[in-house]
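> Listed below are the residues making up each chain.
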Amino acid sequence: MNIAYNFAFFDEGSKREIRRATLKAIAIPGYQVPFASREMPIARGWGTGGLQLTLSLIGKNDILKVIDQGADESVNAVNIKKLVAKTTGVKTVDDTAEATLIQSRHRIPEIPLHEHQILVLQVPLPEPLRYFEPSEFITKHLHAEKEYSGSWLMLFEQIMKYGNMSTDADHPVMVHDRYVMAPSPIPRFDNPKMDHSDALILLGAGREKKVYAVPPYTKVVSLAFDDYSFEVERFEGACCRLCGAEDVFLDELIQEETGETLHQCNDTSYCISRLNEGSASTTRTAAKIGGVAE
Amino acid sequence: MKLDLVHDIQLAYRKLIDSMSRPGTISRFGEQAGAIESRAGCLDTTILLAMVLLDTEVTFKIYSEREEEITRLFNQLTYSKEAEAAYADYIFVLSDADTGQMERAVRSAKTGDLVNPHLSATLIVEAELIANDMHLVLTGPGIKETAGLRVLTDGSWIELRADKNSEYPMGIDMIFVDRKHQAVCIPRTTQIRERVNG
Chain A
1 MNIAYNFAFF DEGSKREIRR ATLKAIAIPG YQVPFASREM PIARGWGTGG
51 LQLTLSLIGK NDILKVIDQG ADESVNAVNI KKLVAKTTGV KTVDDTAEAT
101 LIQSRHRIPE IPLHEHQILV LQVPLPEPLR YFEPSEFITK HLHAEKEYSG
151 SWLMLFEQIM KYGNMSTDAD HPVMVHDRYV MAPSPIPRFD NPKMDHSDAL
201 ILLGAGREKK VYAVPPYTKV VSLAFDDYSF EVERFEGACC RLCGAEDVFL
251 DELIQEETGE TLHQCNDTSY CISRLNEGSA STTRTAAKIG GVAE
Chain B
295 MKLDLVHDIQ LAYRKLIDSM SRPGTISRFG EQAGAIESRA GCLDTTILLA
345 MVLLDTEVTF KIYSEREEEI TRLFNQLTYS KEAEAAYADY IFVLSDADTG
395 QMERAVRSAK TGDLVNPHLS ATLIVEAELI ANDMHLVLTG PGIKETAGLR
445 VLTDGSWIEL RADKNSEYPM GIDMIFVDRK HQAVCIPRTT QIRERVNG
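Residue numbers (this note's numbering), protein chains in the order written: chain A, 1 to 294; chain B, 295 to 492.
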């Protein structure tokens, strides 16, 4: 049976409701705007918030890139890409610079985004205060009163227990000196990319029915103490085993047989583009040498 | 009306997103607004924005000499219902509204509360002219350093808006449109400084 879906899957009323919430989210950076999250053909918690934002934004001329933990080819990314492409007919790409709309799960791409791009992040838990306060009623009031001692205490307790802030991914940030916000489970490595970003960043949580935003050129500061500063993950002495990149977020791969630890770029399209550049320059050099030899 | 209700509305929304996330950025809606060709007595861009934003889930209020007529039109186009200014989600101040009405619109617009600042009004104001010069200097989120803007309207709104937005995150967001199918957004986070000559 061939079902003719509306452009971008949604009916226009659904898009309009998400669009209104998105505009409000942009006007109040870091504030979680509730919206009527729709049932989607993928399970809640698998990127439905990001998907709904993408579908409300996308147009015929857009170029879409979807990544999952830095990979263009993982199941989640491929499924979302296929759904959007099938219901819109838009071009999908791996190249970050070419995309106008980037939906991502848990990473911000390595190459800096530009002002004509929109980054949509999938968010499982939008409420940064949920770790210590289960009530939505109370967390909303804590945000209203800018009462964030709980967040600070959480980080303080981590320092007491482990000697450092052990947040790993989803380290809370303060947006525009007003709202503490969950940046989605991006590694700490990516937190600084949100600060004064050239691109608009939208965050969508489908299961929790919230959208929020970081407009371009907005102050985003990772929570930290004067004597325990915020630190990103470091990979000192390590580089990507494929392209040799050093100042990027690396995956650790442990060889079961040898026990050896290898590193590889987490952002696959970045790694591939470097490999292609490398092979192109090697070919050029070989051609030059060949030319001289002739 | 030759407006494509899917693709033209999407394009208009993306321009609106661009202007809202970068206050002071003037977006041009000529292609989409031109497809409306209404003789309703308000700007085509205003009708376009109404169609992007309004439906049965939200309410609106019109300030105009032809309030009744335009209200009926918006209701017919979007099924959205009229509400008193203090309760309306979207307030439209048309070019034929008098100076007092502009001020009344800003004063009476709802600002949400501290728990739910998103339950606030958005004002859509028809201006005589929108241009990028340094008459007004804008700063805040979405602006790299500063942005320059000139908005010519009948009523004064800068001080009233500043009063209304004094308790951030409560406040109002404003969208100005002009006859050249241009629009610019000023969300509540934007600080406005009037440049004094001499």
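Keep in mind that the hints were calculated from the coordinates and are not lab data.
Please read all numbers here as calculations on a predicted model, not as lab measurements.
Be aware that one or more of the hints could be misleading.
Quick list of in silico lysine to any residue cross-link-like pairs, SDA-like style, CA-CA up to 25 Å [as the list claims (entries may be wrong)]:
id, chain 1, residue 1, chain 2, residue 2
1, A, K161, A, A224
2, B, K404, A, T87
3, A, K91, A, H114
4, A, K60, B, A329
5, A, K219, B, A329
6, A, K86, B, V300
Among the chain B residues that face chain A by a calculated CB cut under 7 Å, a handful are [as the list claims (entries may be wrong)]:
id, residue
7, L305
8, M314
9, P411
10, V431
11, G449
12, E461
13, P463
14, P481
15, R482
16, I486
Ideal Cβ placement from N, Cα and C applies to all residues, glycine included.
> So, for every hint listed, does it hold in this structure?
Checked hints:
1. A:K161 x A:A224: holds (16 Å)
2. B:K404 x A:T87: With a Cα-Cα distance of about 38 Å, the restraint between K404 (chain B) and T87 (chain A) is violated, given a limit of 25 Å.
3. A:K91 x A:H114: It holds: about 19 Å lies between the C-alpha atoms, which stays within 25 Å.
4. A:K60 x B:A329: Answer holds: K60 (chain A) to A329 (chain B) is near 18 Å, not above 25 Å.
5. A:K219 x B:A329: Not OK: K219 (chain A) and A329 (chain B) at ~39 Å, beyond 25 Å, violated.
6. A:K86 x B:V300: Cα-Cα ~16 Å, so holds.
7. L305: holds (6 Å)
8. M314: Holds: closest Cβ of chain A sits about 5 Å from M314 (chain B), inside 7 Å.
9. P411: For P411 (chain B), the interface hint holds, since the closest Cβ of chain A sits about 6 Å away, which is under 7 Å.
10. V431: violated (15 Å)
11. G449: violated (22 Å)
12. E461: Violated: closest Cβ of chain A sits about 11 Å from E461 (chain B), beyond 7 Å.
13. P463: This interface hint holds because 5 Å falls under the 7 Å limit.
14. P481: Because about 4 Å separates P481 (chain B) from the closest Cβ in chain A, which is inside the 7 Å limit, the hint holds.
15. R482: R482 (chain B) check passes; min Cβ-Cβ to chain A is 6 Å, inside 7 Å.
16. I486: Violated. Min distance 15 Å.
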